[in-house]
Every structure is written in structure tokens, then in C-alpha cells.
Amino acid sequence: MSIRKQKRITSRAIGLAALVLSLAVGATASAEDAKTQYFPLATFRVGAYASSGIPVWAGEIDYFRYINEVEGGINGIKLVWDECETNWEVEKGIECYERVKAGKNGSPVPIFLPHGDPISKALTEKSVADKIPLVTIAYGRTEAIDGRVFPYSFPVVFSFWSEASSAVNFIAEKVGGKDKLKGLKIATVYHDSPYGKETQVPLAHLAKTYGFEDIQIPVPHPGNEQSAQWAKIRQLKPDWVFLRGWGVMTPVAIKTAAKVGFPVDHIIGGIWSGSEEDVRPAGAVGKGYLAITPFPAGANFEIHQKLKKHILDKGLSDLKDPKSFGSVYYNSGVDEAIVAVEAIRTAQAHFGVRPINGEEAQWGLEHLDLSEKRLAEIGATGLQQPLKLSAKDHEGGGAGKVLQWDGEKWNVVSNGWVKSDRELLLPLIYERAAAYARERGITPRDATN
Amino acid sequence: MSFFVETFIGGLLAGVMYSLVAIGFVLIYKASGVFNFAQGSMVLCAGLTFVTMRDRGIDFWLAGLITLTIMVAIAIAVERVVLRPLVNRPQITLFMATLGLSFVIEGIAQIAMGASVHELDLGIVDTPITVGEVQVSQFDLVAAATAGVLVIALSIFFNWTRVGIALRAIADDPLAARSIGIRLQTLWQIVWGVAGFVSLVAGLLWGARQGVQFALTLVVLKALPVLIIGGFTSITGAIVGGLIVGASDSLAEIYLGSLLGGSVSTWFSYVLAVGFLLVRPTGLFGDAPIERI
Chain P
1 MSIRKQKRIT SRAIGLAALV LSLAVGATAS AEDAKTQYFP LATFRVGAYA SSGIPVWAGE
61 IDYFRYINEV EGGINGIKLV WDECETNWEV EKGIECYERV KAGKNGSPVP IFLPHGDPIS
121 KALTEKSVAD KIPLVTIAYG RTEAIDGRVF PYSFPVVFSF WSEASSAVNF IAEKVGGKDK
181 LKGLKIATVY HDSPYGKETQ VPLAHLAKTY GFEDIQIPVP HPGNEQSAQW AKIRQLKPDW
241 VFLRGWGVMT PVAIKTAAKV GFPVDHIIGG IWSGSEEDVR PAGAVGKGYL AITPFPAGAN
301 FEIHQKLKKH ILDKGLSDLK DPKSFGSVYY NSGVDEAIVA VEAIRTAQAH FGVRPINGEE
361 AQWGLEHLDL SEKRLAEIGA TGLQQPLKLS AKDHEGGGAG KVLQWDGEKW NVVSNGWVKS
421 DRELLLPLIY ERAAAYARER GITPRDATN
Chain U
1 MSFFVETFIG GLLAGVMYSL VAIGFVLIYK ASGVFNFAQG SMVLCAGLTF VTMRDRGIDF
61 WLAGLITLTI MVAIAIAVER VVLRPLVNRP QITLFMATLG LSFVIEGIAQ IAMGASVHEL
121 DLGIVDTPIT VGEVQVSQFD LVAAATAGVL VIALSIFFNW TRVGIALRAI ADDPLAARSI
181 GIRLQTLWQI VWGVAGFVSL VAGLLWGARQ GVQFALTLVV LKALPVLIIG GFTSITGAIV
241 GGLIVGASDS LAEIYLGSLL GGSVSTWFSY VLAVGFLLVR PTGLFGDAPI ERI
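As given, the protein sequences belong to chains P and U, one line each in that order.
Using UniProt numbering, read the first sequence as starting at 1 and increasing by one per residue.
Using UniProt numbering, read the second sequence as starting at 1 and increasing by one per residue.
It cannot be assumed that every hint is accurate.
As the list claims (entries may be wrong) - Mimicking SDA-like on lysine to any residue, the simulated pairs with C-alpha atoms at most 20 Å apart in a straight line are: (1) P/197 - U/266; (2) P/323 - U/112; (3) P/409 - U/113; (4) P/320 - U/52; (5) P/287 - U/119; (6) P/320 - U/113; (7) P/320 - U/30; (8) P/237 - U/128; (9) P/126 - P/440; (10) U/30 - U/158; (11) P/131 - P/95; (12) P/388 - P/404.
These are computed hints drawn from the structure, not numbers from a lab.
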């Protein structure tokens, strides 16, 4: 090789290196300069489940706006968000995640909210690789409670196992104690999908522990015809029905139950069978229907007064239908936003006041302590249950309130938050997480760090 | 035994509800040989329009009339914009056009009327009637009676009116029908309009059953095996196919469900339909095409 050619190659290499370096420096500068915290929202405003989703995003966006408008952001770091439509479909959810995971204008993604049980399950391993926490409030993989195996999955607040256990404990409350559960028949009418089947293991375990009979009745998707299932209910004569539906399945179940004469006040809907959208289409026969939820309905919480004053009354709300203010789904969005904001706040206290990235947000989530005091400061007492997360416990709460539909609105009928038997179920959850780790060759993290 | 009878009757009545949707498919297939993929969207659109009118305080019958007018307007628009430019194109082209049409109707309906779930109260009492040890749903009986009236009305329309006879002529041989002066476009508009009316009836009954919501489009999932079993060209076949599908699904769910892991009714009627395809490809009442070679 001639000296001239060597010089040419060397100068090109230097030029290329300078270009790469300048791009890298530029990117770093951009990330450092970012003054906003980015929240990508996977939403489904069209399609079969749009009616459930629209109030959720409204609650979430209204709370984010409130943080920006009233508090000037999280310690001065303003929140920015944009939406990508998933239609509640897995492939679109993954495409959405891939599109947003790099952040926006230098602002990193601290948390991804998949808004869909199948989407969250599909993203479990990607989120670990990308170090972006998935926060799945009241849905998602239950064994992800074990953060040693699932470091970036956070089924925060109320897992499906806690849902089942709290429902059983509410029945115990109604019949006069857990010892009275013995001999009862509890039928679970469930959406025949991985989501629907998620409570089979804990219910079998609880049935063995307390001596009730556990009956499982699947309903095929979408659940718009259930005469056979409810004929079976009429034949088996359970004392209580635990309804784990989704979408159209719930109103059809309530109506069909009425047709076969099953008392609606002995049906306890699960989290995703317990919204206004679920029970209103059932009409008059829905009166008396019960539902267990971590998102109690109501617009009288202190935070709602603040949202009304600063967001709704100023025309800044994302809510198109004012009737949905304080609905179960709206409140679920507010709850989700509170958890996300408080996790960022916790991370900022540790890493410094600046936009937080996924790895730092994971730390923030694992050190999140939403105490009664903090909830009172936010104005969310009664709306959100106290929550303390750790590497060994990505759920934190595990309690729900039981609501009853009076034909117009939900009323809380349980004695406050109905706790689940977490101590009883956690060993099983850890066993399942360990089995998952063995199957995938994952070495669990040391939880003491 | 009473449980078996109750399950069987419950299944038959559920099947009638599927028939109501299947009749809409049959009407369009009879007149144009097109499997109208947009039928489910038309059911949603009709139900959503009606309930939106009712929510705005419009009288029941007036709301029905306005909805019917809108469905007829959609029928005319479909014929003008979608079908007319595609005359003489292969059947698959028309089928794909209806596929696209379904998304357009769903999208426009949701943009115009929102995605909320609506309650629809038709004033039909839904307490069960007990005969011996067997309970029967009053609502389902009313739905079955409605389907019966619809079948009789459509049979009279197709067999005893000039328009009906012309439609049958088009179905038999469109070219021959046109050569004797039958106006294809007008008749397509009429048949799509009648399908719109059937969609309205189906939308009201299904909407009263499950609420008016996007999931109404999913009721067509069960219309396909109904059509295969009953035959694509027969309204009577749609009813009989619906009864077979409804009863067999219910019985299979109860008696085979626990043996086969549940949710048998998702696929059972499709297996049955495949069986019919193998033994009787035109279905129980469908017309076997006879062509000169």
C-alpha cells in the first residue's frame, strides 16, 4: 500500500471517528439537555375495547396535566406524553413499544404502560433487555410479583391472584367468617383465555385451604352467548359466582344469570367486570351486582376536587363524556398516573432531579412507598391503597374494595379494603417464578441489594 | 332429563339469534352472489344509530324510521360507490370490497356516534317462563317470534312480489335478467336496503341482549357455520342452520366441554359445518349450481 493511500485511509478513519464521536456527544448532550419526562401511552381508542380504554387515558392524562399545570411538573420536570394505538392487539402493542422505547427528543422512557394483558406478557423479556419497566396495574403475569426473576415487570397494586383471594375473603365476610366457607360452592365463570384462567391455581389452593367447592366454567370469546354456561350454573346451584369477564362477556353474563333466576347480588365481578361500561348495558337486572376492584368509583376524593378545579373546569380535560368523571375506568387511569409519577419522584430523590430513564425508574418503583401520609398529601386517600414495593414484591398492595351497582352508580359495600391472603399465596407465586427462571435459564437477582 | 331439554331449548333459541344475522348475508348473496363481509358492521351501525337517537330523546318508532332511512341511504351509497364500479369483476373482488367496506362503516359509525357502550331497552320482559322443571327465556321467545315473522315476510317478498321475482332472476342469471330489462342497480339498492332493515332488527335484538357496542360486529362469527349448514341462498336454511348451530353448540358445551377442556362451542359448529361441506356442499337448503359445459 502506498503512503498516500495509507494517509487517505487514515484521514477517512479519523473523519469517521470524529463523526461518530460528535453524534455520540450530541446524543448525550441532548439527553442531558432534556427537561421533560416522556411517557408513551399505548392506547386503544378504536376497536372492540375502545369504550373501556377511553376513560382510562382521560384519567391518566388529566392527572399528568394536573402535575404540569399545578405542580409545574415532577420537581419542575414537566411531563410529556403521546399515544400509539394498539387496538388491544399484541402485534400492534409490540410495534408501539419498539417505536417509542428509545424516547423522544432526548427524553428517555422511564416506564411503559402496555394497557393489555397479552401485550404485557409478550413484552416481558424485551423489557428486561431494554431496561424499561412495564407497569401493569391489576393485570399482567402474577408471578412477576417476584422481582428477583422479573426485574422489569410490575403487576402493581392488585394481581389476579389477589383479586381471587379478596373475592373469597369478601364472601367469608358476608357468611360470617372464613370457617363458614367450608361446604360452600363458589363457581368462577371465566373468559376462556390466559387472563381468564389466571385465577384457577389460587382458587384451587384456597378451596383446599378453606374447604369450599371450586367450580370452573369457561366462556368462549367474545362471550356474547352464555345460555349453556348459565344452564350449568342453574344445575350446579353454586352459592356465589365469581365472574371474570372482559368486554361484552360481563353484561351478557348478568343478563343470562337473570334469565336463569340466579341472584345478581351473589355475583362478584372481577376487576375487568366491574366498571360502569360492564354493568350499564345489562339494564335493570344489573341492580345489586357486585364487583371487586382496586379502583373504587367516585368523584368525591380530594384529588378529584383538585382535578375538577384545575383541569376539568378550565377545559383542559381529555374526558369527552363528563359522566365518566369518577368512573371506575377514569379512576384507574388516575391511579396508574399516581403510581408512575410517584415512582419518578422516588427515583429523582435518589438519582437527582432530571428526566429519569428506565433503569432508574425500576429503582424508583422498587423503592416506592405510598404510605397513608403520602396518599393524603396527594389527595388519594380511599382511592388508592397504601403501597410499598420491593425487589421481592412488585405488587405491594393486594387489596380491593367491593362495589355494588344500585342501577345508577357504584357504592362501596365492603368494610374498606378487602385484603387478600397474600401470605398464603406468595410461596406459590415464588415457586412459579422460580420454575419460570429454571425454564428460561434466568439467574434470580439478589433481593438484598 | 329436564336439564337436557332446557339446554336444548336454550340452544335452539340462541340459534335463532344467529339466524337473524345470517338472513342478512343470504339476502345479499342471493341477489349478487357476494358474501357480504360488512354485514356485522351494518348490524353495529344500525344498533348504534338507533340507540343514539333514543339517547337524544327521540321517540322509539321515529328513531326506528330514521335508522331505517340511514340504512337505506347507506345501501344506495354502497351500490353507487362500491358495487357499480365493480360490476363484472370476479366475485373475490366484490368480496374484498365488502371487507374494506366493513372497516369504513365501523370507523364512520364510531367517529359519528362514539365508542361508548349503550344500554338498549326494548321493553321486552326478560324473566324466565317455567314449564315443569324447564325454564325458557321470554326475551329469546320474542326474538324467535320476530325471526319467524321476518322469514314469512321475506318469503312473501321474494316469492310473491315483482321485485322479489326479479331478484331471483338476477340471482339465477344476471345477464339474462338484464337482457329482459331488469334494472340490476335498482334491485341491488333494494336488496341492500332490505339487508339494512334486517341489520336493524338484528342490531336491536342483539343490542338489547348485550348492549350496543363494538362487539356487535362479532356476532357474525357464528353466522358463517349457520350459512354453510343451511345454505347460502336460502332464508329457511338460515333459520334451520341457526337452530342446528345453536342447539349443537349448547349441548356440546355442556356434555363435551369438561372432557375436551372447555369452550367447545368456539369451534364445534365449525367442525359441524366442515362435515356438511364434505357431505352436502350446498348446505341443507342451498341451490346447487348447474352449468352447461
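We went through each hint and held it up to the structure:
1. P/197 - U/266: Satisfied, since the Cα-Cα distance of roughly 16 Å is no more than 20 Å.
2. P/323 - U/112: This hinted pair holds, its Cα atoms lying about 19 Å apart.
3. P/409 - U/113: violated (23 Å)
4. P/320 - U/52: Roughly 16 Å separates the two Cα atoms, so the pair holds.
5. P/287 - U/119: holds (14 Å)
6. P/320 - U/113: It holds: about 12 Å lies between the C-alpha atoms, which stays within 20 Å.
7. P/320 - U/30: Not satisfied, since the Cα-Cα distance of roughly 43 Å exceeds 20 Å.
8. P/237 - U/128: The hint holds at about 17 Å.
9. P/126 - P/440: holds (14 Å)
10. U/30 - U/158: This hinted pair holds, its Cα atoms lying about 10 Å apart.
11. P/131 - P/95: Holds. Residue 131 of chain P to residue 95 of chain P sits at ~17 Å (cutoff 20 Å).
12. P/388 - P/404: Between residue 388 of chain P and residue 404 of chain P the Cα gap is close to 28 Å, so the pair fails against 20 Å, i.e. violated.
In this structure, the hints that do not hold are numbers 3, 7 and 12, in rising order.
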